[in-house]
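Each protein sequence line maps, in turn, to chains A and B. Residue numbers for the first sequence follow the numbering used here, beginning at 1 and rising by one. Residue numbers for the second sequence follow the numbering used here, beginning at 1001 and rising by one.
Keep in mind the hints are simulated off the structure, nothing from the lab. Treat the hints with care, as some may be off.
As the list claims (entries may be wrong) - Keeping only pairs whose Cα atoms sit at most 20 Å apart, straight-line, the calculated SDA-like set for lysine to any residue is: (1) B/K1219 x A/L115; (2) B/K1154 x A/D93; (3) B/K1116 x B/N1170; (4) B/K1154 x A/L115; (5) B/K1154 x A/E186.
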Amino acid sequence: MAGYDITLPREVITVRHLWAGYDGEMVLEDINLSVYERDFIGLIGPNGGGKTTLFKVLLGLLPPQRGEVRIMGQDVRAGRRHIGYVPQTVEFDRDFPIRVWDVVRMGRLGRRRLLQRYTAQDDEAVAEALRQVELLALRDRPIGELSGGQRQRVYIARALAAEPAILLLDEPTASVDPQVSSGLYELLGQLNEHVTILLVSHDMSAISTHVKTVGCLNRRLFYHREKQITPEMLEAGYQCPIDLIAHGVPHRVFAEHVEETS
Amino acid sequence: MEPFLEALQFTFMRHALLAGVLVSIACGVIGTLVVVNRIVFLSGGIAHAAYGGVGLGYFFRFNPVWGAVIFSLAAALGMGLVQRRTRQRADTIIGVLWAIGMALGIILVDLTAGYKTDLMSYLFGSILTVPASDLLLMLVLDGIIIGVVALFYKELLAISFDETFATVENVPVDAIYLLLVVLVALTVVMVMRVVGLILVIALLTMPAAISGQFVRDLKRMMVLASVLGVFFTTTGLWLSYFLNLTSGATIILVAGVTYLLSLAVTAGRPVWGWLRGRRAARS
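Based on the provided sequences and hints, a complete structural model is requested.
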């Protein structure tokens, strides 16, 4: 590719001076973010800090008030084809009559237009995605009969079935117990060998041990492509005295303690 | 056996049974989508607003069925758009449209001079007077409904299960949703012949609701709902014939009682499981 510098990873998500919100009330203010190929970014922040709103803008579900968003160099509607989206699974209709296989196959919708049937190639991608999350054996299980952790894996498989370049995960461990949660992060770590991952969560300790870089989002974004959550970031992000936040947070998330643990 | 064969000698009885089968197929397929999309109220609104069209037909002296078709389609699109566009109080607006359509129909019928033949049949159904031409129309509508649902099945499933994800996958969510409410409108007019406007919603939702308790796959839910519908209309029809009762209401009562029984069975499942567990533990 002409002009492509092999030494620099490609920028897959570009957000410039983004302002977004609902009914005139701004939730995101002047967001700037560059996500590069094979990044594994965790964004933390308080509830109502705009984590989900940022995802909505990246997915083209909420038009920005100001600013620009590019995905793989394209505008959002075209670029979101490259995104695999894993929503929060809190709101879920347990009685919906659908099997694991059919849920995951929805990941192929973007590849098939209206009136087009799913193909053998789609089936292969669905099977491969289920293999990756180790749920192929449960392909005919109704979704309502799965555990929280299994359901989360199904949603990850659905995102993977689209063969995405980027995975967006909204609170992936919100409704699962800690053991399942660390299993999920291990899986994401493996997937990160091929795909770029951006996730948001309020679970600070889980995020900081598994992701490559962290940021803090509270209306404004504090992200410097670094591994540590700095007290300054937290203070700026949460806008409250830092010792309140530090309570209960593993020490290694703080820059000054890094040498002890690594 | 004898009385059954005797009844089948009547053309109206054969037509009625056939009409029951034909509407049950549409109800099974569309009712399933109505139930999983939680648009039962919206469907009720479409059914009742259709009465405005019936009144229009009487007033301007054209076939009230066409009035019902026009009104139910308009109501479906209007209510569908309201549901999509406004996030809050969509149900209030739907309720208002529902009432306006119904009231308009009543006033127009009032203003129409002369004897209003079979007005009651639109409200309470008239499965015993279905002519052969209507059967053909029902068959065609069944074909259209099954064809459209089959062609757009993957999109209909996607918007029903996870609309946000479908949007992200560039599925034309609004268009598919409006397609669904148009199909609901067509089904409503068809079912109106059998059980009447007031009871349409029951035949649309009860077979699907029962079916949904026993199968965990959308297609199978449609098939089982259709089979149940055939059972309800046929049983109800025979009962009404032998007991000399209103056929539409009898059909609905058969379906309703079965629904309540099925609820008891599913609610009873944990209890059975617990009893079995206790017995196993003891031995």
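Going through the hints against the structure:
1. Distance restraint check for B/K1219 and A/L115: the Cα-Cα separation of roughly 18 Å lies within the 20 Å cut-off, and the hinted pair is therefore satisfied.
2. Between the alpha carbons of B/K1154 and A/D93 the distance comes to roughly 19 Å, so the proposed pair stays at or under 20 Å and holds.
3. Under the criterion of a C-alpha separation no larger than 20 Å, the hint pairing B/K1116 with B/N1170 is inconsistent with the structure, at around 50 Å.
4. Taking the CA atoms of B/K1154 and A/L115, the gap is about 9 Å. The hint holds against a cut of 20 Å.
5. Between the alpha carbons of B/K1154 and A/E186 the distance comes to roughly 32 Å, so the proposed pair goes past 20 Å and is violated.
Checked against the numbered hints given earlier, this structure breaks hints 3 and 5; the rest are met.
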